[in-house]
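Novice: Since the structure of chain A is already known, use the hints to place chain B on it.
Chains A and B are the protein sequences, given in the same order. Counting in this note's numbering, the first sequence runs from 27 upward without gaps. Counting in this note's numbering, the second sequence runs from 27 upward without gaps.
Read the hints as simulated data drawn from the structure, not as lab findings. Don't take each hint at face value.
For chains that are exact copies, the list does not tell them apart, and a pair is met inside one copy or across any two.
As the list claims (entries may be wrong) - Derived pair list, reagent style EDC-like, types lysine to aspartate or glutamate, alpha-carbon separation capped at 20 Å:
#1 Lys298 to Glu314
#2 Lys219 to Asp274
#3 Lys108 to Glu84
#4 Lys275 to Asp315
#5 Lys260 to Asp150
#6 Lys219 to Glu128
#7 Lys218 to Asp274
#8 Lys218 to Asp271
#9 Lys181 to Asp225
#10 Lys47 to Asp271
#11 Lys275 to Glu314
#12 Lys218 to Glu128
#13 Lys108 to Glu97
#14 Lys219 to Glu314
#15 Lys219 to Asp271
#16 Lys47 to Asp103
Protein chains: 2
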Amino acid sequence: MQLGFIGTGVMGTAIVLNLLKAGHQVTVFNRTKAHAQKTIDAGAVWANSPEAVAAVSEVTFSMVGFPQDVEETYLGDHGIFKGAAAGSTVVDMTTSTPTLAERLAHIGDEHEIHVLDAPVSGGDIGARDATLTVMVGGDRATFEAIKPIFAVIGKTINYFGTAGMGQHAKMANQIMIAGTMTGLTEMLLYAKKAGLDMDQTLATLAGGGANNWSMNAYGPRILAGDYTPGFFAKHFLKDLRIALDEADKMHLNLPATRLAADLYAAMVAAGKGDMGTQGLITTYNGWED
Amino acid sequence: MQLGFIGTGVMGTAIVLNLLKAGHQVTVFNRTKAHAQKTIDAGAVWANSPEAVAAVSEVTFSMVGFPQDVEETYLGDHGIFKGAAAGSTVVDMTTSTPTLAERLAHIGDEHEIHVLDAPVSGGDIGARDATLTVMVGGDRATFEAIKPIFAVIGKTINYFGTAGMGQHAKMANQIMIAGTMTGLTEMLLYAKKAGLDMDQTLATLAGGGANNWSMNAYGPRILAGDYTPGFFAKHFLKDLRIALDEADKMHLNLPATRLAADLYAAMVAAGKGDMGTQGLITTYNGWED
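Here chain A stands alone, though its shape is the one from the complex (with noise of 0.2 Å):
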């Protein structure tokens, strides 16, 4: 199929090289085009912007950075809304904000274009091996349309419902790992002052109660002093300013989340936005003595 993709970052980058390798044409664009180099030479086709990619395209994905990005994506003046055509479909896999999902399923609605919202949980890793978690909001039948190209770069694909709803389940998917990633920051700490065996401590959790998947992937890479990103901490920070946005106005209170993203500005301000999640505990004091 004739498909477009808007943001060759490292995970749009791996999702393309398998859309390719399952013999679709993707035509891409990204903000830096140096970034898009690692497509083109796997035979993806350049364009000059959002709104052309999507003039090329039965099907268009994005994946960008943050909220404000998504809307330039899709509503500037080269922005995918100018060359969709109708009856194509266009899916933000941006981890961006329920309400704009809304926004732009409802546009896409007036001009016949077929929005889906559908971030991705599953990391770099995820992207590579094809096993991402896809979460999908939007028309239920554009999504049956669009399952098969799904299929390609993820392993679980999931409808949550109309649009934004797959926004609130990688929202609710953030607000588990906000409890996974400061509860294990603060347990090393613990485990390193108190004098414990750290991979001793972290094998002993795994085979119980404490056992979680942050644990597991992140505990031996900070042992190991490694935080390069799996993912950035300020990408994580904005995922978690949208879920307590989105909380505000469902009037919930949620002091564990709320704090996580005190935290994790705390390492942005520090200017460590570009480590990944795990490096939230060179914040800490005490950890690097």
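Specialist: Just chain B, lined up with the frame of chain A:
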């Protein structure tokens, strides 16, 4: 072997039954005798005090509620140290303070009594199925001598070092769980208010980076309105208080753990300390609308 066991609560009872099944003779004491009946029916022998239990036991185990109960059990007028013979071993399985564990080991040294701290994780189900994780501190030779008995009641038996290190490992475990429980609680609240399908949300998150033991064990119970204790909220609060006290001693600031303790303190203050830890969600505005 001739064993003693003090504290036949839900956990203690299950452990004693496994010890009896393995062919050991077990003498028991519990503050409320009625709660020891199940072990007596299964072949345990009742004694009237910790002192009396220790006097007839080669190895005496204790699993009581709070650190002050541990003090009373070991150091009271009819405590374990009054009855234990030189050369015998005593093992505190209560989750208690590392500081108290060190103190008991020191007193034991003076009387030629071997003392271990050996808190466990795995809850009532782990105790029943003999799949507990046991975290041991104290003299290594004593640990090695006792290890076959631990193997009767647990699956993963870990020696962490000198007296108190078993307790420190357990504190690390509880700090990690503070993160998974607060994250789980706020995730479920958000998901419910956002109108997500709750079962689908749990299943989706379990397939990715948000996966954790607490979510898998307690998520379905919460959705079923089941707040019966696998682990008492009041005991979890006690554990977090100990962790934070120890962190203070180590000059370590653990804000997420402190927030979790505040949330559980509010739960206990609301008269919900006898609920399971998963009952935390009932203290959030918006869950029981």
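Novice: Find the hints from earlier in the document that the structure breaks and name them by number, from lowest to highest.
Specialist: Going through the list in order, the structure violates hints 10 and 16 and respects the others.
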